[in-house]
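J.: Sequence:
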Amino acid sequence: MASSTSTPQSIKTVLKNLKTIKRMAFDIGQSVVKIAYTATVARRRTTKERKLIHDAKHALRLYCIQVRLDDFEAVLSYIAENGRISTNKATFASTSSTHHLEQMIIDKLGLELHKVKEMDCLVRGTNFLLRNIEAESFTYDHHNEQCRYYFETIRPSMICPYLLVNVGTGVSVFRVDSDCKYERVGGSSLGGGCFFGLGNLLTSEVDLDEMMRMAEEGDHRQFDILVSDIYGGKYTNMGLSGDLIAGSFGKCARKCLADDLKNCPDYKNNVMRSLLLMISNSIGQFAFLYAQREKTNRIYFDGFLIRNHAIIMRTISYAIDFWSEGTQQAHFLRHEGYTSAIGAYLSGASFVDLSQAGFGAGYEAERLSWREYYSGCSELGRFVPTAPLSMGFTAGVLELECAEIILRPFPLLAENLKVYKPDVADLNLDGEAREFWLRTFEKSVDSVTKKALESQASCSSAVQRVQVFREKYLKQLQIIREKPFAYGNSNVRNLLDLREQLLNEQDFDDSYLHQKIVENAASIEQLSALLKSMDEIVDSSERLFRVSKGLLAGNVFDWGAEKVVEMMESAEGLPFDVAVASIPERPWLIDTYDEFAKSLDQKPYNCAAIFVDNSGADFLLGVIPFTRELIRRGTKVIIISNLSPALNDLTYGEMLGMVPLLRKADPFLRDAIDKELLMFEHSGQGSPCLDLRRVHSTLNRRVLEEQVDLIVIEGMGRALHTNLYAHFLCDSLKAAVIKTQWLADRMGGEIFSVVFKFERGKRNGSNAQAIVRSVSDF
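Just so we're aligned: the sequence shown equals residues 1 to 778 in the UniProt record's numbering.
Treat the hints as calculated values from the structure; they're not laboratory data. There could be a bad hint or two in this list.
[What the hints assert, rightly or not] As a list, the in silico DSS-like pairs of lysine-lysine whose alpha-carbon atoms are at most 27 angstroms apart:
#, residue 1, residue 2
1, LYS549, LYS475
2, LYS418, LYS762
3, LYS418, LYS549
4, LYS418, LYS295
5, LYS19, LYS664
6, LYS181, LYS418
[As the list claims (entries may be wrong)] Now the in silico label distances, taken between C-beta atoms and shown as ranges:
#, residue 1, residue 2, range
7, GLY573, GLY431, 33 to 41 angstroms
8, VAL463, LYS443, 54 to 62 angstroms
9, GLN602, GLN285, 53 to 61 angstroms
10, GLY657, PHE545, 26 to 34 angstroms
Keep in mind the model is a prediction, meaning the values are calculated, not measured. The beta-carbon is built from N, C-alpha and C at its ideal position, and this holds for glycine as well.
Work out the full structure: start from the sequences and follow the hints.
T.: The structure is reproduced here in structure tokens:
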């Protein structure tokens, strides 16, 4: 049964970390098998001595792999020879008789195999993907030549109940209320089996992808009776479109015409087109009717007939739009092919003895949050291009990494999560912006690799590894240039995250560590004198302006901005007083400073949450004096950093490491820290940008417990590239200096133009309660 092309070398590239497998699950289909397993990945970390050492912590990854049935035995043999599985309990889902394959799994891997319900797996897997993968859900617009895919990040709890329409051999329609509550509300025999069977009968074609290609090229008007065929030019009076299908295959009713159609050179393409439209229009119609009956306003479609085939998505989208009169849309999933395998894996936790299971074998997959690991996904594991599992050993891989914490929406967002979008520029739609940022990231590769090498100057393998990173990153940027929606939404945030993932893959866990150490040491030496100079200013209004200007000046120190990098790497460097002098006179580009100052003078805030940007001068000489002034005015402060490294951004570990130095540098700060007037948290993220849909749940609780009533977001990535238009229930301040000419031009400013955007909160009784309550829901 093994394919001759299933070589160990080709399988090895797909199956990763086999020595540390925690648990496995399978989704066995008629031609493809999906395998899902968790495994731990050894981590290495950079030291202050610029060496690379093994870390005691391991990353947990979830691998989802689809392979052809012909290759399955070879894959199992490879796992048996090279793998080690922590628990012998495994689960599988299947819609048909697969006894011989079940026995093969048992014989090859020695696993105790448990069958789980296919529909349980489908629902749980779908909710898992919607919960954890950004832009998993999308709608399809065939008429938009610029971008036909519209992605969204929606948590299941925000959209339940929804309708899940599984288009397999037949069609099953499920109403989904939660992971554990769903019911089959109906279905139809007009599904993939009908299309495949009639298509074969009518054309003798046996390949589904070829059938789809034929339908794409066909002309259904040769077979179908249209409204215009019946009513001539009078159909407009009936409110109907002339090209609307009145009767599928209606023109074949007359034998002489049917014979002529069979002799047409394009017969096969035309008949496949008509067949596909008949089935997909029917699916769309009864799906909408079920949605009406069940009072659900969202419909998801999945199943092998869908699987990112443009023509089926187009026709179903049209059908839903037509029958609902534009009130509903058809929604699809980027990774719907993996839903049942993931669901089978999730179901397997109930079979494991949790007292003996190690981390990763139990309920972690559902309890903790996950992130899509872009660099580990194959072409089939991404979103596009979709390729058939045809020649040679071909496998699709979807890879996710466990965040090992719980990430939930920020509780003080005023917008509903269906409305909030962190990213200001949508690079899927904005071709000019996309090309600018792709060129910018390509040009920045030299600077990034230089810092990566500096961070591990004492490691001999760094040169080779950084070259691998360079090649992979440039290749990924080219993929996104050609297929902007390859990873769903294309935006600055995701491009930065992709870069960090590829650096981590090559063991550059903190590429700017050495640079941050140098800058932190230099800045802490200046802190005491700077704070004393602030204390010498008697006028509180003048002092507030000085620390606010210092907050902006600190933001100038950004290793992600080409212009600033040139200044910092020059012979003169970039002293803090020069950064202060670079801040232009008021009025600034966006300037609501007076409203901010007036708000502080009227009444002190109870507690401010400050999302900080960079290490060094930004944190120590910009944020700390600003924070100190707020505390001096009677406001508690929570400073929020990244959890993990990205560029020269401040991390939680670095911030905590500087707390003793802050206490030593200033008696006021020491007292504030001791009395918990100054607190430190992390966002749970590792990005120069900020996505408030996925914030550390511990921070969310702290924000509510401390009754935060002022949000401060500083830095270009967090306040301009993301969240510039975000609204909060409480007052907010977004402060940043524009450091790229392109962005300055777009915003109507110049290099070093200032955004100081203060806004009053959108709090009102019912809305506030609803959003705060949602923290416990997610």
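J.: Indicate, hint by hint, whether the structure satisfies it.
T.: These are the hints, each one checked on the structure:
1. For the hint pairing LYS549 with LYS475, the CA-to-CA distance comes to about 41 angstroms; that exceeds 27 angstroms, so the pair is violated.
2. Of the pairs offered as hints, the one joining LYS418 and LYS762 holds, with about 17 angstroms between alpha carbons and a cut-off of 27 angstroms not exceeded.
3. The hinted pair formed by LYS418 and LYS549 fails the criterion: a straight-line CA distance of about 35 angstroms is larger than 27 angstroms.
4. The suggested pairing of LYS418 with LYS295 holds, with an alpha-carbon distance near 19 angstroms, which does not exceed 27 angstroms.
5. In summary, the hint linking LYS19 to LYS664 is not supported, as the alpha carbons are separated by about 48 angstroms, beyond the 27 angstroms threshold.
6. Restraint check for LYS181 and LYS418: the C-alpha separation of about 23 angstroms stays at or below 27 angstroms, so the hint holds.
7. Taking 33 to 41 angstroms as the suggested C-beta distance range, the pair GLY573 and GLY431 conforms, at roughly 38 angstroms.
8. At roughly 21 angstroms, the beta-carbon separation of VAL463 and LYS443 lies outside the given 54 to 62 angstroms, and the hint is violated.
9. For the pair GLN602 and GLN285, the beta carbons lie near 59 angstroms from each other, so the given range of 53 to 61 angstroms is met.
10. Taking 26 to 34 angstroms as the suggested C-beta distance range, the pair GLY657 and PHE545 conforms, at roughly 31 angstroms.
Comparing the model with each numbered hint stated earlier shows that hints 1, 3, 5 and 8 do not hold.
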